[in-house]
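In full-length UniProt numbering, the protein residues as written are 1 to 984.
Every clue listed holds true.
The calculated lysine-lysine pairs, modelled on DSS-like cross-linking and capped at a C-alpha distance of 27 angstroms, are:
no., residue 1, residue 2
1, Lys-609, Lys-342
2, Lys-761, Lys-342
3, Lys-671, Lys-686
4, Lys-609, Lys-583
5, Lys-907, Lys-689
6, Lys-388, Lys-342
7, Lys-835, Lys-583
8, Lys-134, Lys-172
9, Lys-721, Lys-829
10, Lys-609, Lys-835
11, Lys-671, Lys-929
12, Lys-327, Lys-112
13, Lys-79, Lys-134
14, Lys-835, Lys-584
Quick list of the computed label-pair ranges, beta carbon to beta carbon:
no., residue 1, residue 2, range
15, Asp-838, Ile-630, 23 to 29 angstroms
16, Thr-624, Ala-823, 38 to 44 angstroms
17, Arg-650, Thr-904, 23 to 29 angstroms
18, Lys-478, Asp-641, 16 to 22 angstroms
19, Ile-460, Ala-823, 47 to 53 angstroms
20, Gln-808, His-718, 30 to 36 angstroms
21, Lys-929, Thr-624, 27 to 33 angstroms
22, Arg-776, Gln-853, 21 to 27 angstroms
23, Asp-838, Thr-5, 55 to 61 angstroms
In case anyone wonders, no lab produced these hints; they're calculated from the structure.
Here the structure is a predicted model, which is why all the values come from computation and not from measurement.
In this text, a Cβ means the ideal position worked out from N, Cα and C, and glycines have one as well.
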Amino acid sequence: MLNITTIKRQNVGKVVNYYTDSADDYYAKDGSAMQWHGQGAQALGLSGTVDQRRFAELLDGRIDEHTQLRRTTPSEARKERLGYDLTFSAPKGVSLQALVHGDERIIAAHDKAVAAALREAEMLAAVRSTVNGKTSIERTDKIVAATFRHETSREVDPDLHTHAFVLNMTQKRNGEWRALVNDGIVNSLSHLGNVYKAELAKELERQGFTLRYDRNGTFDLAHFTEHQIDEFSGRRNRIDAKLAAWGLNRETATAEQRDRAAMQTRERKTEIDRDDVRAAWQARAKELGIDFYSREWAGVGNDGLNKDGLGKDGGKGTRTRTPQIEKPLEFHADQTVRFAIKRLTERQAIVTGEELLAVALKHGYGRLSAADIRTAIDRAKAGGHLIKENTRYRSMNPARKPATDAKANVAPQGPALTREQWIAELATGSRTREQAKAIVDSGIVKGRLQDSGTRYTTHIAQRRERDILALERAGRSKIEPHMTAQQIEAYLATRTRTAERQGLNAEQARAVARIADTTNQFMAVPGFAGVGKSYMTHSAKELLEEHGYRVTALAPYGSQKKALESVGIEARTLQSFLKAKNKKLDGNTVVFIDEAGVIPARQMLETMKIIEATGARAVFLGDTAQTKAIEAGKPFEQLLDAGMQSTEIRTIQRQKDPELLKAVELAAAGKAADSLAHITHVREVKASKDRYGAIVRAYAALTPAQRAETLVITGTNHSRKEINDGIQQALGLKGTGLQYTLLDRLDTTQAERRHSKYYEKGAIIIPERDYRSGLRRGERYTVLDTGPGNRLTVGGEDGAVLSFSPAQTTQLSVYTPERTELAVGDQIKITRNDKDRDLASGDRFTVKEIREQEIIAEGGGGRQITLDAAQAMYAALAYASTVHSAQGLTSDKVLINLETRSLTTAKDVYYVAVSRARYEAEIFTDDGKRLPAAVSREADKTAALEISQLQRHAEKERAKDGPTHDSGQSKDKGRSGAEMSIGG
1 MLNITTIKRQ NVGKVVNYYT DSADDYYAKD GSAMQWHGQG AQALGLSGTV
51 DQRRFAELLD GRIDEHTQLR RTTPSEARKE RLGYDLTFSA PKGVSLQALV
101 HGDERIIAAH DKAVAAALRE AEMLAAVRST VNGKTSIERT DKIVAATFRH
151 ETSREVDPDL HTHAFVLNMT QKRNGEWRAL VNDGIVNSLS HLGNVYKAEL
201 AKELERQGFT LRYDRNGTFD LAHFTEHQID EFSGRRNRID AKLAAWGLNR
251 ETATAEQRDR AAMQTRERKT EIDRDDVRAA WQARAKELGI DFYSREWAGV
301 GNDGLNKDGL GKDGGKGTRT RTPQIEKPLE FHADQTVRFA IKRLTERQAI
351 VTGEELLAVA LKHGYGRLSA ADIRTAIDRA KAGGHLIKEN TRYRSMNPAR
401 KPATDAKANV APQGPALTRE QWIAELATGS RTREQAKAIV DSGIVKGRLQ
451 DSGTRYTTHI AQRRERDILA LERAGRSKIE PHMTAQQIEA YLATRTRTAE
501 RQGLNAEQAR AVARIADTTN QFMAVPGFAG VGKSYMTHSA KELLEEHGYR
551 VTALAPYGSQ KKALESVGIE ARTLQSFLKA KNKKLDGNTV VFIDEAGVIP
601 ARQMLETMKI IEATGARAVF LGDTAQTKAI EAGKPFEQLL DAGMQSTEIR
651 TIQRQKDPEL LKAVELAAAG KAADSLAHIT HVREVKASKD RYGAIVRAYA
701 ALTPAQRAET LVITGTNHSR KEINDGIQQA LGLKGTGLQY TLLDRLDTTQ
751 AERRHSKYYE KGAIIIPERD YRSGLRRGER YTVLDTGPGN RLTVGGEDGA
801 VLSFSPAQTT QLSVYTPERT ELAVGDQIKI TRNDKDRDLA SGDRFTVKEI
851 REQEIIAEGG GGRQITLDAA QAMYAALAYA STVHSAQGLT SDKVLINLET
901 RSLTTAKDVY YVAVSRARYE AEIFTDDGKR LPAAVSREAD KTAALEISQL
951 QRHAEKERAK DGPTHDSGQS KDKGRSGAEM SIGG
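Start from the sequences, fold in the hints, and give me the full structure.
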């Protein structure tokens, strides 16, 4: 609903004419279509209707007859930025109600929402000055903006939208006019769009409209059907068609790709008769059966209610027709912020203020504004629901500046440090602490040190992490070993590698010895990928069992469980262990916990509590450099940092090629950029489609035996699907198979699954237990509607329609069905654990036979399975995998897609990807020059106690100087700012 376009100098007259052509729009006759906004406009004496001549003068930089803002040479003129077009577009149904039906209250609501977003943008206005090499930023809180409301798309469909033109100018405190630093606005587009949508939704609900919300943070008027909306969406449909031709959609395309699709499908605007156009709109609306007076939900959800507001099955649906007691605004704001906290802290122990505001604002559409949310966040801090980290700052003048265009905006660089840390950095040599304090405080005031943003955690997250660390500490020196040092040495003498035989290397043997003789209830064997932890574990199991121990293992995923079983170790998935009534543990049990680095804090605490209570012992196996848990926390790393007993295995054995081995060793040590120099094949292919094609050709050129030992790894699900489709085509399998419905798990949080608007029509839900609403464990239900209210309407496999509130139905798995062709010879993988059939998510098979009702596939060792194709199947093509799916796999060759601008490209992802290969890793990237920085990007996984540690350090520092600025301690490394000029 919000796009930005930078307007550079061209024919000023054409720019003015384009924006001011709204004067002929049907509802623009009152003069409200063109308005001045902003404190900067007020400073210039501008208010009310935009004057075209004055607008043109300001575009040209003429503040007044004496002041010219910009002076450029003819060669620079083309690149000069005149301003920024923020285009706010109302949802299509809102446009129909406003423009076709003629509801001027909606137009007023749209204008009010645009004004609210511009007030928010004004809070981001700043100016930059550089004097003697020192850059400072001054917040001005002043913009000069002109809004131009338009009512038609280029396909002459009703399209209520406003071009908010923010001129490239702002006024300093001393009255001087300067060019605007646009970083704040450009980096806050999502937030500004949320502010617009929140204000618009609030106004529409006040006017009595029912809104339909979706999981992507958009909404529309609920009394329009999808068909009616689509019939009036010519412009959107043309853009979607162009994206589809590129193999993209609105979710998978980048902003740049969406803009390019918009430009390539853009029709020239032509003169139209507004009265004729509106008459044509009304005629089309009548043909489509649109009832502009309705306020009822258009959809199955409304049909699913009986007169009591219950589902047809009698289950307790949301009573949307029964008047409810309206609770105060503060209550809704507090509940909304608590939802945001739960949703975000489910995945991250520390969340940013921007994330918290964004999630809460979207969740609160229809009731709350940005101001309401901010006030509720303050209450959450005061009430103890949130713990705020003390302020950290980044320098505008890093010691090593990036090579950038001299005219480009300079963003803060380098590590984020607290005030006290900056003082410590500068208080060196002959500079005293008092002098350093003065420099730092001056830098903060003058904007040479920029606030890096607010971060929060919760008491719950911190308590969970403290409990984990406390359990480990309490378990030290608690165990009496069953064997003597002599018995351990005797065993190792028969197992240690010698010139005559294969066996344990020195590191593996040391690990086995420590596992056997430890007196601690919890210990760890951390090791790099490919060091032989499985062989070490099998050897330790033999020794332990010889001396009366029972050995079992736990693993986060089904595929890892099977890998443990393949080396003779009894294993369960962590989830099944936690759910089981009989844990099968006692004081004689040693539990090996594999891939401990991907276990989140919640599961880690539950598991350690059980082990502690039963008197069993635990040995954690894992690698802190590989990808972390999807859920919040990094407890394995915290336990190691806190001094848990550990014996490390570092000698990598998997890689057989010396250069590849060197690359993996450097990646394991965190030196990803250096590692790239040892990858022999790095190919740059700019365009995504061409790059995917290059990967497909590389894979297809291999022999069948080579393909069986080749992994294709990529960062996103979209690229995975594109590459899978391309390989199927290249292998000649496309068109030889049948279309089936496959189920792909939808990424949702537990907090989201409690609200119907975060589901999608057509999604498949699987209850993990029976519910009184009629839902049955393990059965599949198709989402038919997501409202009204917080209610889902679903259809069962037997045709029954059920309505229920997901707030009381919390154990649901959600999948997206996709029609996919499968042919004989295709490689597929299982996407859901099936204990009864001994199938684990990630198990791989080759399709051997296809029929309308079933598929027969063969796996390793000749094992055959039959999949019921009469219903949607938990399967997917398996030529390409995401990194999380590939972790734990090994092959001779790996083809890796690394997109430098994707957040899925990071240090841990790169390490996991290259370490899968024994002999060769080949990288395909969009930008070879940016690749070293991209693979050096730190994975953003946090621990809640990081903030606690920061606060304690801050208190010590404040005791030295007295209370002045917020403070804390950062864990950022590689400081280069000791000699930075930040004061003055």
